[in-house]
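Novice: Spelled out, the chains give:
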Amino acid sequence: MNGERPLTRDMKPDGEPLSLQEYERAGGYRAVRQALRMAPEAITRLVSDSGLRGRGGAGFPTGQKWSFVPLGAEAPHPKYLAANADEMEPGTFKDRWLLEGNPHQLLEGMMIAACAIEADVAYVFLRGEYTLAARRVERAIAEAYQAGYLGRHPFGADRGLELYLHVSAGRYMCGEETGLLNALEGKRANPRAKPPYPQVSGLFGKPTIVQNVETLACLPHIITHGAAWFHGLSRGVDAGSKLYGASGKVKRPGLWELPMGTPLGELLEEHAGGLRDGLKLRGLLPGGASTDFLTERHLDVAMDFTHVEKAGSRLGTGTIIVLDDRTCPVGMVWNLEEFFAQESCGWCTPCWSGLRWAERLLDGLERGQGSEADLDRLEWIVKFCAPGNTFCALAPGAVEPLGSALKYFREDFMAHIRERRCPWS
Amino acid sequence: MATIYIDGRPYAVDARQNLLHACLSLGFNLPYFCWHPALGSVGACRQCAIKQFRGPEDQRGKLVMACMTAASEGARISIADAEAVAFRAGIIEGMMQNHPHDCPVCDEGGECHLQDMTVMTGHDYRRYRFAKRTFRNQYLGPLVHHEMNRCIQCYRCVRFYREYAGGRDFNVFGIRNLAYFGRYQDGVLESEFSGNLDEVCPTGVFTDATHKRHYTRKWDMQFAPSICPHCGVGCNLSPGERYGMLRRIVNRYHGGLNGYFLCDRGRYGYEFVNGDQRLRQPRLRLAGGPQSLPQKQAAELLGEWLADDRVIGIGSPRASLEANFALRAVVGARHFYAGVADAELALLRLALEILRRQPAAPLRSMESADAVLVLGEDVTNTAPRMALSLRQAVRQQPMQALEALKIPAWLDHAARELAQQRRGPFYIAAPAATRLDDIARELWRGAPEELARLGFAVAHALAPESPAVAGLAPEAAALAGRIAAALRSAQRPLVVSGLGCRSTELLQAAANIAAALRRLNKNNGRNSPKANSTAEARPDDSSSENDARLALAVPEANSLGLALLDPHPLSQALDAVRAGAATVIVLENDLYRRLPAGEMQSLASGLDRLIALDCIETPTTRQARLALPAAAWAEDDGTFINYEGRAQRYYAAYPPPGEMQASWRWLRDALAVAGREAGRWETLDDVLRALAAEFPDLAAAATAAPPESFRIHGEKVPRQPHRFSGRTAMSANLNVSEPAPPPDPDTPLAFSMEGAPTQPPAAILPFAWAPGWNSYQAWNKLQREIDGPLRGGNPGVRVWPAPSSGERYFRDVPPPPAARAGEWRAVPLYHIFGSEELSRLAPGISQLSPQPYLALSEADAARLGLGAGEALVLILESQRFTLPLVIRPDLAPGLAGVPAGLGPLQGLALPAWCRIERA
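Those protein sequences? They're chains A and B, same order as listed.
For the record, in the first sequence the residue sitting at position 376 is 376 according to this note's numbering, with numbers rising by one throughout.
For the record, in the second sequence the residue sitting at position 197 is 197 according to this note's numbering, with numbers rising by one throughout.
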């Protein structure tokens with residue numbers, strides 16, 4: 001661990017974005033020039049060696065993902081790259097920091113990824129509500145075009161790269177990899193069947209890579225400093241630094257760039273300042289709304305993909321949501337399930353029917369109209385929406401907090417049934 | 001083939017297919033919703049979940065969706081696995097959260113796939129206790145009824161309507177459990193195939209709005225295997241009757257023709273049978289006014305009149321082969337005339353000549369054509385179901401890319417996402433816009449002669465021995481080159497034309513192209529689609545269909561059948577009357593549609609006895625001295641010969657009511673009175689035997705379906721579903737003793753629910769049903785394999801042998817049409833709703849028919865300073881018609897579009913030169 005914070009190091013204290021000049025003065029757009037001199041396969045190999053895993057939540061190894069994209073003269077064109085900036089997971093706001101604070105870093109990351117997969121067209125697919133980010137990204141794109149870093153011959157290269165900002169119409173499903181592609185094509189943001197994977201048949205039926213903002217932002221640094229350096233950023237088994245966040249009733253909610261594998265307890269106590277006075281920790285969602293609850297006994301878990309999974313949850317986006325003892329766990333889960341039920345695209349039956357049913361049952365519990373049979377039904381819905389049973393990952397993610405709440409907070413559920421009311425109301 | 005293991009037992013299955021297809025083909029009951037054999041797999045409903053194991057050691061396995069998983073070699077699956085069974089029940093329970101459970105008042109009840117699947121999965125107790133979501137329904141026009149609360153969100157409707165049928169005005173709106181399937185606002189559905197929503201929808205969201213007005217449950221209806229009477233395609237239908245009333249039409253699967261879908265004319269045109277336009281009583285016109293006669297007396301009168309040796313007969317392209325033949329037997333070959341205009345008869349003879357050399361492509365093989373030229377035919381309006389098949393053809397070429405990416409064609413959305421907007425070569429040359437223009441790569445507009453010249457040029461570019469076209473405009477020549485190149489490089493090219501333009505040259509040009517293509521085909525050693533091609537070979541009975549490169553749309557259900565009986569031209573009937581023939585028998589035909597009104601008047605006035613047999617009142621029957629009520633097609637048995645030359649038998653859904661009877665029986669009765677040989681015919685088979693004796697070529701028509709003597713285990717085939725309700729109490733208010741079923745001496749079918757309990761041959765299969773499968777989905781249980789022919793083979797037989805070779809080219813290339821000052825070339829424009837005689841009498845269809853109009857191109861209207869709606873006079877020879885102007889930007893300049901078959905314009909001989917004046 002070398003303690004570096006490459007992603008956020010250059011950001012200004014006042015939160016204003018770095019201009020092109022400022023970004024270059026800090027060393028920006030050197031990595032992409034270097035990448036342009038590399039063979040695409042070499043970039044992919046370097047990224048594979050770096051151990052970079054996708055920061056959007058699934059943690060898929062980035063280099064491996066790229067390796068499925070057909071390269072060379074026979075490959076179909078145009079090929080596409082999409083930066084997934086549709087950050088809409090409740091409790092997650094990390095990409096926003098990167099988008100607003102240093103948009104050129106994202107653009108450079110996209111240029112490097114485009115080199116690796118020989119992409120011709122790239123999109124920033126941005127959450128509609130991120131209006132400030134939209135203005136800043138748009139400005140950065142204009143600056144990059146003006147500087148000749150984008151367009152027909154970026155940096156004098158032969159292969160052109162056109163880059164566009166696309167502002168999402170505002171549905172959670174638009175952030176799902178293939179839903180995003182449909183949305184970009186102007187269609188309903190229903191997910192697509194995989195296989196075929198987007199690397200083979202993606203946007204407009206062409207090879208496509210969809211990559212999270214934070215993942216892309218890592219790329220310039222990996223190119224500049226190498227794979228070993230990237231590994232060295234981490235305290236755990238997965239490489240790099242990571243944006244961690246905390247929300248809920250903690251003393252200092254916020255975002256921090258820390259070594260990958262920072263222990264959960266350290267994050268909560270040292271960085272977020274612990275719970276507000278008088279409150280006790282009940283549990284937390286380690287990586288956004290669609291991850292399983294962890295509890296006090298998990299505070300020594302290293303926050304990386306591998307260890308959080310071993311503890312029974314997922315690193316997800318690395319932004320924790322804290323549940324305290326003055327907040328009703330049933331109410332919190334109801335709130336989350338209401339969100340997911342509302343955001344189901346309506347394509348597959350377990351999702352649109354199961355999540356709505358769960359939400360109705362939780363609402364009933366909160367109103368004091370629940371029964372023990374409802375808990376069985378909730379358990380059943382959790383299984384019903386398991387991975388593979390549904391078309392995409394929305395519903396399996398949505399029932400993670402529900403399933404784990406039933407495990408860890410069963411007594412609270414029972415209290416709602418016994419007292420015929422919400423004990424916190 | 002691949003071996004897969006289902007619950008431990010090995011089965012051989014088609015490795016190109018998915019596991020749902022494989023399981024259903026093997027006869028397993030595996031429930032599903034979003035999958036449809038014609039629409040492929042999309043994995044939305046999750047109903048067909050099964051357990052898949054990694055190998056013999058894997059005991060846990062995992063749930064997969066059968067429809068989304070390839071039937072790969074060695075796959076081990078379980079349908080009976082407890083977890084899979086519970087999951088499938090859970091899916092139904094989820095869908096049922098919002099379903100209104102209104103089966104008793106739902107038109108789908110009793111033939112509802114959702115009901116069947118609910119029973120199949122065992123879900124029987126509702127645990128969701130919260131409020132159901134509700135929707136506002138839409139008015140979707142006179143044909144389709146909308147009841148959104150019943151929706152289970154399987155997405156079949158929108159996939160059929162938009163992705164399969166190309167409709168634009170229907171979609172899915174909203175998300176989560178509130179997905180709404182409908183139009184952006186109330187209004188008539190635009191697609192000519194909207195009625196298929198009734199059958200595509202697994203429950204009662206979309207139901208038949210015409211059936212609703214005289215609703216009867218499926219289990220209370222009596223069905224017949226039938227053929228559509230409303231165009232020349234010959235789609236197979238299943239009409240349903242109760243209490244002597246025709247209640248509705250649904251599709252009857254035919255693996256080579258209509259498959260799972262019908263057009264709206266075919267589905268909703270039936271109501272003319274129940275209408276007040278029916279001729280119900282024999283009627284003799286006397287000086288004192290019309291007089292009704294009983295059936296027997298009317299037949300005797302006709303018999304007496306036959307003693308006159310100056311009797312002539314006029315046949316009909318909408319009457320059965322048998323009825324036409326009976327008329328021919330009455331009047332003799334010398335006095336049998338075609339009931340179509342001379343020009344149409346000449347075209348039909350030419351079409352027959354061509355089709356004896358060039359086999360016609362069945363609809364299902366059109367779907368796999370990878371390059372198409374439509375020459376002069378507005379297929380959607382003249383042979384509507386054909387258009388739906390042609391629409392699938394443009395997917396073929398883009399789908400060739402699937403193989404390299406190992407994407408199976410059945411993975412429907414993946415296939416469409418890869419193809420995006422790319423379409424295979426599809427060219428349309430027509431006088432005006434057609435409803436397939438949206439899929440065409442290039443369009444060409446012109447008068448019929450110009451279209452023919454383009455076609456001849458294409459043929460010449462493909463085969464130098466086909467005649468060249470002199471003086472072709474450079475633009476047309478270049479297009480011909482592009483079309484020829486596309487056809488030449490295709491594996492399964494197709495040219496489609498027809499009688500729509502009423503142009504000899506156009507048919508000849510199409511024939512030349514087809515001849516050139518077949519020749520290229522042979523030279524290149526190409527034939528049927530490769531076994532593992534993504535363009536799945538449609539199994540069919542005839543191998544010659546695979547190299548069919550041609551289809552010619554013919555106007556009516558039995559146009560070719562009439563032409564095959566060698567009738568004399570209609571004009572000669574007029575000559576015969578002028579020469580003294582005093583008795584004319586007109587068979588199921590309104591001659592006002594065949595002749596200019598003036599000629600018809602003079603024909604009628606020169607006659608002693610005009611005898612009209614028809615099922616409807618027409619200007620002809622009203623003018624007849626003796627009008628005899630014929631059974632309508634749904635009350636009658638007979639044979640139609642479709643555009644392919646396929647003879648198909650249709651059967652009465654119920655005996656003709658009252659004084660009506662089959663035309664051939666009227667004629668037979670009269671012959672009996674006259675003491676003639678043919679008067680001894682007892683059954684339809686007797687007629688067919690006599691027909692085969694006289695026309696050895698048509699002997700095959702007799703074998704189109706089993707004879708009357710056919711029995712299964714000594715029993716007839718029941719027309720009614722197995723007894724489920726109080727059907728036998730239908731007449732209990734009159735007599736508690738159940739009446740004996742009406743006899744059916746003509747067919748192996750019984751007007752009864754009793755009879756052979758097994759699946760009959762496809763030609764006499766009245767309706768789709770299998771144990772546990774009450775909906776249209778039951779076709780799955782009746783096919784040899786999913787999406788293949790019905791067991792026993794596709795119904796119908798080709799009446800002429802498969803052509804061996806004989807590429808011969810027509811040599812008369814027409815000169816470019818010379819413009820005439822102050823004149824327009826009047827061409828017919830067709831309307832799916834309105835141009836056909838019988839269907840336009842159905843209330844739902846008539847509501848959608850246009851009023852008569854005259855169409856001019858935008859340029860011509862501007863040049864003359866005419867505005868839309870302005871009253872114009874169309875002057876055609878001596879006839880004048882006042883019509884409102886319709887400005888058609890798509891019409892080629894110099895043409896005047898006249899709606900075919902509408903109102904006073906129906907008897908016009910088109911194309912013709914005409915003049916136009918302001919009214």
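Honestly, the hints are just simulated from the structure, not real lab data.
Incorrect hints may have been included.
Beyond 12 Å from chain A on every Cβ pair, some chain B residues (computed) [unchecked claim]:
id, residue
1, Gly8
2, Met96
3, Tyr155
4, Gly167
5, His413
6, Pro474
7, Ala604
8, Ala678
9, Phe695
10, Ala821
11, Gly907
Computed cross-link-like contacts, DSS-like style, restricted to lysine-lysine with a CA-CA straight-line distance of at most 25 Å [to be verified]:
id, chain 1, residue 1, chain 2, residue 2
12, A, Lys280, A, Lys407
13, B, Lys62, A, Lys383
14, A, Lys194, B, Lys406
Backbone N, C-alpha and C fix where the C-beta goes; we use that ideal spot for every residue, glycine too.
Novice: Give a verdict on every hint.
Specialist: These are the hints, each one checked on the structure:
Every CB of chain A is more than 12 Å from the CB of Gly8(B) (nearest about 22 Å), matching its label as outside the interface. The beta carbon of Met96(B) is not kept farther than 12 Å from every beta carbon of chain A, the shortest such distance being approximately 9 Å. Residue-level check failed: Tyr155(B) sits 7 Å from the nearest beta carbon of chain A, not beyond 12 Å. Look at Gly167(B): its CB is around 16 Å from the nearest CB on chain A, clear of 12 Å, so calling it non-interface holds up.
The beta carbon of His413(B) is not kept farther than 12 Å from every beta carbon of chain A, the shortest such distance being approximately 6 Å. Consistency note on Pro474(B): stated as away from chain A, and its beta-carbon is indeed over 12 Å from all of that chain's, at 34 Å minimum. Non-interface call for Ala604(B) relative to chain A: holds, since the shortest CB-CB distance, roughly 61 Å, exceeds 12 Å. No Cβ of chain A approaches the Cβ of Ala678(B) within 12 Å, the least distance being about 63 Å, so the stated non-interface status holds.
Here Phe695(B) stays apart from chain A, with its beta-carbon at least about 54 Å from theirs, past the 12 Å limit. Non-interface status of Ala821(B) relative to chain A is upheld: no Cβ of that chain comes within 12 Å, the nearest being about 51 Å off. The Cβ of Gly907(B) sits about 50 Å from the closest Cβ of chain A, beyond the 12 Å cut-off, so the non-interface label holds. Only pairs whose Cα atoms come within 25 Å are accepted, and Lys280(A) paired with Lys407(A) is accepted, the gap being roughly 19 Å.
Our distance criterion of 25 Å between C-alpha atoms is met by Lys62(B) and Lys383(A), whose separation comes to about 13 Å. As the CA atoms of Lys194(A) and Lys406(B) are separated by approximately 12 Å, the hinted pair is consistent with the 25 Å bound.
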